[in-house]
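Here is what each chain is made of, one letter per residue.
There are 2 protein chains.
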Amino acid sequence: MTLTKQQDEAHAGLAGVIAGDSSICLCGAEDESLLYCGYSIEDLAASSSFEEVSWLLLHGELPNKKELEKYKNALNQHKSPSAALIKVLEQIPEHTNPMDMLRTGISFFGNLEKDPEHTDPKELSEKLLVTLSPMMLYWWHFQQNKARIKLNVSAHSIAGTFLELLHGKPPSPMHSQALDVALILYAEHEFNASTFTVRTIASTLSDYFSAIVGGVGALRGSLHGGANEWAMKLIEQCGSPDKAEKTILEMLGQKKLIMGFGHRVYKRGDPRSPIIKKWAKKLAEASGESHLFETAERIEQVMLKEKKLFPNLDFYSAVVFHCLGIPTDLFTPIFVLARTAGWSAHYQEQHTHNKLIRPLSHYIGPTHRPYIPLEKRS
Amino acid sequence: MTLTKQQDEAHAGLAGVIAGDSSICLCGAEDESLLYCGYSIEDLAASSSFEEVSWLLLHGELPNKKELEKYKNALNQHKSPSAALIKVLEQIPEHTNPMDMLRTGISFFGNLEKDPEHTDPKELSEKLLVTLSPMMLYWWHFQQNKARIKLNVSAHSIAGTFLELLHGKPPSPMHSQALDVALILYAEHEFNASTFTVRTIASTLSDYFSAIVGGVGALRGSLHGGANEWAMKLIEQCGSPDKAEKTILEMLGQKKLIMGFGHRVYKRGDPRSPIIKKWAKKLAEASGESHLFETAERIEQVMLKEKKLFPNLDFYSAVVFHCLGIPTDLFTPIFVLARTAGWSAHYQEQHTHNKLIRPLSHYIGPTHRPYIPLEKRS
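Protein sequences, first through last, are from chains S and Z.
Take the first sequence: its position 110, counting from 1, is numbered 110 in this note's numbering, and each next residue is one higher.
Take the second sequence: its position 360, counting from 1, is numbered 360 in this note's numbering, and each next residue is one higher.
Please note that a few of the clues may not be correct.
Lysine to any residue pairs mimicking SDA-like chemistry, simulated, CA-CA at most 20 angstroms apart [stated by the list, open to error]: (1) Z:K256 to Z:K305; (2) S:K114 to Z:Q143; (3) Z:K65 to S:P373; (4) S:K355 to Z:K267; (5) S:K233 to S:K246; (6) Z:K308 to Z:Y266; (7) Z:K87 to S:P93.
Interface residues of chain Z toward chain S, partial, derived using beta-carbon atoms under 7 angstroms [claimed, not checked]: (8) R220; (9) L360; (10) R377.
Honestly, the hints are just simulated from the structure, not real lab data.
Don't be surprised by glycine CBs; every beta carbon is placed ideally from N, CA and C.
Build out the structure end to end from the sequences listed, making use of the hints.
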């Protein structure tokens, strides 16, 4: 409590404060690169799969062929949610935000585990990763289409399973790969607000599901995971490049916040953005929605010219998800699907050298007020 | 990323780091006092009620007679959980940790709210505060005693409601007051791990229930809310003062951690401990379990002599809860009941001058590893 007011202000939002050691992700270094366990995001997006990346984050090393095969088999073992989970999902109303549905669904899924505190988080994360798509899409179809969908799929990847359950048919290889790349890019990002929430919960020695549920709650906010949904609404609302230019200039004139731009960590550009932008272009052209990509690109140009802000991962991801036929309300739940890999790795790492995360506040209220009995209060 | 290794280590667990301004709670100041909105914990425990304190934390001022009456009436309006919530609670297995049951129950309760993002957190906290006891005790009796209890009570306080639902009859005034005091003492405690979790989630502009559910998850850990359950098991296991002395000395010799002692914020003593200790003595004597109090007191003496550590609030609270006939597994859920008042105040305060809470990590892993294709990995 001895920091001066000036020092205190520097800590608002913990901006620039180092909160612990980690060997999972490097971002915001001098060269503005993004590394998962030392591997560049460009290499991983070009050559690996989400399953490979998820294994990498949990183990610190890329899997060999046998390990990857075993992991994928494990991920295929737990595909159907239990009858109890289905019952709970059916109780969650249609008006519920899908992120809040996931919060309850994951929490209840954890309730079914016999001893989550003494089970290897690697095992729990496998079970959860493979349950997330069936969980969200069962509920989605039940509430939106009043249909109890079948949960068996032919797809052999998490990305493919999601798209097959959403559309009721196997996705094209291009669509499956596009979502796979998005999942890789969203899988991990150092001490962002949701991951830091996961670590704070883990630091009390709480269980895996409590930590993940906290991460979902943090990701739900419009300043975090909600940005891609907001970006999509903006792009759709603009509809054309010229309209976009006019709209953005007007919004900037009114000092409105444009989501999907800038990042607290990257000052010269989000290295994930060029990767997802290529996919956005490819998918928009293939699905005859080039105007959406062009609209997005014009917004990017205006933001760079006017505010010197670059798009972050959320901005062009919105176009990718839209072209994959994913309803906008499910954009942030997909972020959960991907980030569960990173959260699980951070939960595990926090427990290896744990110290309770417990900062202080700077008190600015009144002190030592005399207590007035109820009868004498005006 | 420019802090040296030495500075970085100082930030592990954010110990001593000020993470923001607050006017809710002052603790750990020079005089080792604890103030809620400027009022001393001694005055509040002696003269107010938990409802009054909960109002104080949310409004920054003590309520007058009319305001308190209105608040208590509001708290009495929402007493019965909905049929949907009951259905979900019945799905949660007997083996589930009651904290994990609350995590799901509160999350689902939030799912039933039409628009939690645009509803005043004061209103949501009222609804939640009054639902917590029915929620946990319905499930508790359903699983432990295979009984669907009636949820109407004659009690007019949150403490009384909890005890009446637990025991199936109205509590004595002494018992009701003892729990009320415990709820006051547990209501708020600055930027502890669970409250800081609530604020981190709130800082993404996420909704009230996501933040509270995160708080529950953090509180569940044995380094945080779980300490009082652990303390009770130790006191019961010792059973007598002499046995306690022997056991504690043995445990210290084996360098085992004794829960319920010391505090990161208080260096010379937790001001809540003397207050709850008096109640522990009174209740233990009244219920003919003086040996438990004496056992606890001997543990206190040994810890002070051997480790210069004082008991924190959790230690004697364990004796109080036990003497009120509360099963040990419900000690931490009671902590939730109390702390929901403080969490709600912090959620609200975080949103008044919000800044995203997003620290950095100190990267200690490998950098720029060449990517090896799957086929070539050994």
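- request: Just pull the numbers of the violated hints for me, sorted ascending.
  value: none
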